[in-house]
Amino acid sequence: MSDHDFVFTLRLADDAGSDEMVKDLTTSVLRHVGYAPSALGELIDLVRAGIAKERAAGAEYDLQFRAHDGQIEIVVSRDDHAVFRTSRRLP
684 MSDHDFVFTL RLADDAGSDE MVKDLTTSVL RHVGYAPSAL GELIDLVRAG
734 IAKERAAGAE YDLQFRAHDG QIEIVVSRDD HAVFRTSRRL P
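Here the sequence shown is numbered in our numbering, starting from 684 and rising by one per residue.
Rather than coming from a laboratory, the hints here were simulated on the basis of the structure. Each statement offered as a hint is correct.
List of simulated lysine to aspartate or glutamate pairs, DMTMM-like, C-alpha gap at most 20 angstroms:
#: 1; residue 1: K706; residue 2: E737
#: 2; residue 1: K736; residue 2: D763
#: 3; residue 1: K736; residue 2: D762
#: 4; residue 1: K706; residue 2: E725
#: 5; residue 1: K736; residue 2: E756
Using the sequences provided together with the hints, build the complete structure.
Below, the structure written as structure tokens:
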């Protein structure tokens, strides 16, 4: 794992392909910061559930990953309001 901090945000439209994109993106980011494949399932499920909870046809939402001070924070926002947030220590 790199000890550099980063922020990565992606705006997504709620459409048929976005769920698979969220899964792939979350997997890639978490593996980049050092999570083992066996540790990914729970976090991916949490992110997908956070998005599903606020799902609205045609809505856009932001998915943000922030690595800082030894933690990864994942935030789902819609209309500039966080609807889901979780953080974990980096491995």
